[in-house]
Amino acid sequence: MEKKLNTPRPGGVSRRDFMKGIGSGALGTAVLAPLRGQTIATKKGRVPVYDRKTIALTVNGQKLSLDVEASETLLDALRDKLDLTGAKKVCDRGECGGCTVLLDGVPVYACMTLAVRADGKAVKTVEGLAESGRLTPVQEAFIEKDGYQCGYCTPGFIMTTTALLEKNPSPSLDEIKRALSGNLCRCGNYAKIYQAVDAAAKKTKGA
Amino acid sequence: MRGKAYISYARGDAERQARPAKAAAVPPPATQPEPPKPVFSHIGKATPRVDGREIVTGRAKFTHDIKLQGMLIGKILRSPHAAAEVVAIDLAPALAVPGVRAALKLAEGKVRYAGQQVAAVAAVDERTAEKALGLVKVQYRTLPFVVDWERARDAAAPQVRDGRPNLDKLNDYNRGDVEKGFAEAEVVFEGTYRTAFEVHHPAETHGSIAAWEGDHLVVYDSTQAVHGVRDGLARALKVPAANVTVIKNYMGGGFGSKLSVGDYTVVAANLARETGRPVKVLLSRRDNAVCVGYRPSSNQTYRIGAKKDGTLTALRMTNIACGGIAAGDDCSEPVVDVYKCPHCKVDEQTVYTNVGAQRARRAPGHTPGAFALEGAMDELAAALDMDPLELRRKNYSTRNQGDTGLPYSSKGLDKCYDLGAKAIGWERRNRRPGEGKAEGPVRRGLGMATSIWSGAGVPGTLADIVLYPDMSVEVICGTQDIGCGTRTHMAVVAAETLGLEPKEITVKLGNSDYPWAPISGGSLTAPSVAPAVRDAALKAVERLKAVAAARLKVDPADVVMAERKFASKSDPGKAVAFAEVYRDLRRETPFHGERGGMPGDQYAFNTFGAHFAEVEVDTETGRVRVLKYVAAQDSGRIVSKLTAESQVVGGVTQGLSNGLFEERVMDDATGTVVNPNLRDYKIATSLDIPEITVLFADVDDPRINNLGVKGLGEPAHVPSSGAIANAVYNAIGVHVREIPMTPKRVLEALKRKEAGS
Numbered sequence: 001m002e003k004k005l006n007t008p009r010p011g012g013v014s015r016r017d018f019m020k021g022i023g024s025g026a027l028g029t030a031v032l033a034p035l036r037g038q039t040i041a042t043k044k045g046r047v048p049v050y051d052r053k054t055i056a057l058t059v060n061g062q063k064l065s066l067d068v069e070a071s072e073t074l075l076d077a078l079r080d081k082l083d084l085t086g087a088k089k090v091c092d093r094g095e096c097g098g099c100t101v102l103l104d105g106v107p108v109y110a111c112m113t114l115a116v117r118a119d120g121k122a123v124k125t126v127e128g129l130a131e132s133g134r135l136t137p138v139q140e141a142f143i144e145k146d147g148y149q150c151g152y153c154t155p156g157f158i159m160t161t162t163a164l165l166e167k168n169p170s171p172s173l174d175e176i177k178r179a180l181s182g183n184l185c186r187c188g189n190y191a192k193i194y195q196a197v198d199a200a201a202k203k204t205k206g207a
Numbered sequence: 001m002r003g004k005a006y007i008s009y010a011r012g013d014a015e016r017q018a019r020p021a022k023a024a025a026v027p028p029p030a031t032q033p034e035p036p037k038p039v040f041s042h043i044g045k046a047t048p049r050v051d052g053r054e055i056v057t058g059r060a061k062f063t064h065d066i067k068l069q070g071m072l073i074g075k076i077l078r079s080p081h082a083a084a085e086v087v088a089i090d091l092a093p094a095l096a097v098p099g100v101r102a103a104l105k106l107a108e109g110k111v112r113y114a115g116q117q118v119a120a121v122a123a124v125d126e127r128t129a130e131k132a133l134g135l136v137k138v139q140y141r142t143l144p145f146v147v148d149w150e151r152a153r154d155a156a157a158p159q160v161r162d163g164r165p166n167l168d169k170l171n172d173y174n175r176g177d178v179e180k181g182f183a184e185a186e187v188v189f190e191g192t193y194r195t196a197f198e199v200h201h202p203a204e205t206h207g208s209i210a211a212w213e214g215d216h217l218v219v220y221d222s223t224q225a226v227h228g229v230r231d232g233l234a235r236a237l238k239v240p241a242a243n244v245t246v247i248k249n250y251m252g253g254g255f256g257s258k259l260s261v262g263d264y265t266v267v268a269a270n271l272a273r274e275t276g277r278p279v280k281v282l283l284s285r286r287d288n289a290v291c292v293g294y295r296p297s298s299n300q301t302y303r304i305g306a307k308k309d310g311t312l313t314a315l316r317m318t319n320i321a322c323g324g325i326a327a328g329d330d331c332s333e334p335v336v337d338v339y340k341c342p343h344c345k346v347d348e349q350t351v352y353t354n355v356g357a358q359r360a361r362r363a364p365g366h367t368p369g370a371f372a373l374e375g376a377m378d379e380l381a382a383a384l385d386m387d388p389l390e391l392r393r394k395n396y397s398t399r400n401q402g403d404t405g406l407p408y409s410s411k412g413l414d415k416c417y418d419l420g421a422k423a424i425g426w427e428r429r430n431r432r433p434g435e436g437k438a439e440g441p442v443r444r445g446l447g448m449a450t451s452i453w454s455g456a457g458v459p460g461t462l463a464d465i466v467l468y469p470d471m472s473v474e475v476i477c478g479t480q481d482i483g484c485g486t487r488t489h490m491a492v493v494a495a496e497t498l499g500l501e502p503k504e505i506t507v508k509l510g511n512s513d514y515p516w517a518p519i520s521g522g523s524l525t526a527p528s529v530a531p532a533v534r535d536a537a538l539k540a541v542e543r544l545k546a547v548a549a550a551r552l553k554v555d556p557a558d559v560v561m562a563e564r565k566f567a568s569k570s571d572p573g574k575a576v577a578f579a580e581v582y583r584d585l586r587r588e589t590p591f592h593g594e595r596g597g598m599p600g601d602q603y604a605f606n607t608f609g610a611h612f613a614e615v616e617v618d619t620e621t622g623r624v625r626v627l628k629y630v631a632a633q634d635s636g637r638i639v640s641k642l643t644a645e646s647q648v649v650g651g652v653t654q655g656l657s658n659g660l661f662e663e664r665v666m667d668d669a670t671g672t673v674v675n676p677n678l679r680d681y682k683i684a685t686s687l688d689i690p691e692i693t694v695l696f697a698d699v700d701d702p703r704i705n706n707l708g709v710k711g712l713g714e715p716a717h718v719p720s721s722g723a724i725a726n727a728v729y730n731a732i733g734v735h736v737r738e739i740p741m742t743p744k745r746v747l748e749a750l751k752r753k754e755a756g757s
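As you go down the protein sequences, you meet chains G and W in turn. Counted the way the numbering used here counts, the first sequence spans residues 1 to 207. Counted the way the numbering used here counts, the second sequence spans residues 1 to 757.
Errors might be hidden in some of the hints.
Computed footprint of chain G on chain W; a stretch qualifies when at least three of its residues, placed anywhere within it, have a C-beta under 8 angstroms from a C-beta of chain G [as the list claims (entries may be wrong)]:
1) 61 to 75
2) 194 to 204
3) 249 to 259
4) 475 to 484
5) 636 to 646
6) 673 to 680
7) 686 to 697
Straight-line distance between alpha carbons at most 27 angstroms, and here's what the computed DSSO-like set of lysine-lysine pairs gives [unchecked claim]:
8) W:K61 <-> G:K124
9) W:K37 <-> W:K569
10) G:K81 <-> W:K67
In short, the hints are calculated from the structure, not lab data. Built from N, CA and C at the ideal position, the CB exists for glycine as well.
All chains, please: the whole structure from these sequences, using the hints.
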């Protein structure tokens, strides 16, 4: 017998609570193609309709210009065009945090962020954390506390943790749990991940 | 030796087949004096993972991350119908799309579930492939179907398999005379327990990249079994196994759903052959919910007879399992093996439905079996007015209760009971279920459950150690690190044996060209691979000692290894540094290790564990929160403390998730999965996790292998949902008897209690 699910999430906070900057992804290339060459009304006046755009952005400190499709996600652009495969495509719909990157310092789900939204902004991915090979306290703490198992969700957790400690250098256990609630770890190593975040906070303060 | 022939994961008991079927007549061997406990520098210590840096920097390349020169993207079209005749497939419109390089028909005749593969295309990029897939024209003649297992049992229900009934025999077992046992009983308890369809949902979805290099096929696969996938591909493609190489460097979880070659892997290989280019086929999150397995459901009824003092006299279990178009899981091993009882009878049936085939899910059969058996034991304890832990101790068995009757090679379950009870504060439980102090609508309770699992490892597993004159050391094994820390275990065992540091060891694994190792499933990896590495390393040390002896002009038997030197025992002044001895090897030198056999005619080899949970239940909302959790495991010698703790934490968390949230829901009207994503299919998040204490019983087992290592992955998961369910019972005085224990089910149970039924 299978019944309809009826399971409110204990804690009451949805995974998407911390999500910022969802682009207007509904307008895909197929829709836009016939409109090419026309203009569309926006708050800033009429702007030309585009199905591709060259955007200028900073990725891990490096200035780049990138030709992207209007409907291309930041995650696809990073993974396919820049070979930055640290951010992972796990659910592809903003449910799990495996693709978390920092956009101007704010953690976003790259699978739900259009690449064009990164125009003029700074993107940081897990590959950009360790400068000249020196791990950050967050990365060190995840290794020391074994805050992972298969490691697939780890880049997402590390980016969320990095943003958390930037905002709140001494999070309580409850604050850690809440901050990480937008990232899923299917191996189920949350208990070790809290320890890693706590150790990272202590390291960061000590550094 | 290629040992794959005797690996049968479905039974969860690979090594069991190495045991004779009837050996009960063998007298118990005389107790041998236990050797003193060895002192280790690395084994059992908290060694950080040797691949940690790769993971935290994002440099670890998973299958999804691999891109080959000229690679095409393959996509698979799946049936929207739960049962249909495929009348015609027209690939022409898809092939006409610019950028499409190949298309294949995959279905012939009938499709039997929604999500079954029908056709595939390969194109220059994902969008083109998706567009082309939408243009494939498939003509279906839809057929009646059934996806609800209870309805599928009706004689009038649509037949899932042609000419065969939906309800079929799965398993039976008998020892003693169960009717006699019930006649002897002073108390008889009976109850039915249900478990849901749980989807694996590994973070990395299933996927493969196939590339032909002439006649040789190279496949990157997200798999738990590089050798198994190689052999499966060779069979499917009719090419020699020697011409196939399967590689898995990093893998984002599998939990049993990646144990053999996937349809998608064969599709990738065929599309690559057709186009002459590498082809990548990745499944979607939705695919993960419809076509790569799940844990079968179970509907288990237990009837247990006991004397007033708790001595069990009869165990009767029936089950109806459902695994879609495949058979469900045998859930009887806990009832057959865990408790001493002369009379035990099992009848299990399976029912077929128009749903994708189940696949092994962490501890197949055991996790639902333990939930149900342990629930029944707690309800029996209440009927006897007995401490549930006392009831378990009363029926403790030091021998296998099933086929062999042999004594266990080691069994630290009693120690797990002691450790766990102390750590959770067992005396704090409600003396009778539901008798606790009420704080408004909230009730608290404590519960526990027991696990037995195999996990002895596979004799014949191979590993090589290669020593280089520059003192670098390689350890090579065709096993997989699926997140359990296998790279680190291999480095720890090699370093320990060679007197080096783990970080000095280069670990190579995840390639079917390397020496044979079993699937990374069934808790087989550590007890298979660690002993093989140990064996190779011991042989290497022997050679190094001989080389050192020649240098020192002493007998090799006189040479000892300490502090990165080889020295003469009789004349400690004579010593030579490691570096010089390695240099004297002159070329790289391989040593072949093998995991030896076990005295399976004398002993039963198993792993054990006891889990304890404390919960609070809101009797108004039905919400359950786990407050505290203690897991005590007997998995023999622990190789690496950090990774072992993580594995237990993960097993507990997944059990909590299964116990409270996870359930795949089918739609009867359309025959499709209603919740094929990570929003509607609920899994535990960071907000659901209690304080988890992990304890190891640290029991020596000199018979099982040269290191006394047993498996851990599954034992850490088996009793978890059962312990939580029993804690809920202790809190509210009624057993919910069905997982996941959603608020709705908790409230229904409370209503039953009120109604006094």
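The hints, checked one at a time:
Residues of the segment 61 to 75 of chain W with a Cβ under 8 angstroms from some Cβ of chain G number 5, which satisfies the need for three, so the listed coverage holds. Counting residues of the segment 194 to 204 of chain W whose CB lies closer than 8 angstroms to any CB of chain G gives 7, which reaches the minimum of 3, so the coverage claim holds. Requiring three or more residues with a Cβ within less than 8 angstroms of a Cβ of chain G, the coverage given for the segment 249 to 259 of chain W holds, as 5 such residues are present. Coverage of the segment 475 to 484 of chain W by chain G holds in this model, with 3 residues showing a Cβ closer than 8 angstroms to a Cβ of that chain against a need of three.
Counting residues of the segment 636 to 646 of chain W whose beta carbon lies closer than 8 angstroms to any beta carbon of chain G gives 4, which reaches the threshold of three, so the coverage claim holds. With a cut-off of 8 angstroms between beta carbons, the segment 673 to 680 of chain W has 6 residues touching chain G; three or more are needed, and the interface restraint holds. Here the segment 686 to 697 of chain W counts 6 residues with a CB under 8 angstroms from a CB of chain G, which clears the bar of 3, and the coverage holds. Of the supplied pair hints, the one linking K61 (chain W) and K124 (chain G) holds, its CA atoms being roughly 19 angstroms apart against a limit of 27 angstroms.
Note on K37 (chain W) and K569 (chain W): the hinted pairing holds, with a Cα-Cα distance of about 22 angstroms set against a maximum of 27 angstroms. A hinted pair counts as satisfied when its Cα atoms are at most 27 angstroms apart, and K81 (chain G) with K67 (chain W) qualifies at roughly 11 angstroms.
Hint compliance for this structure: every hint is met.
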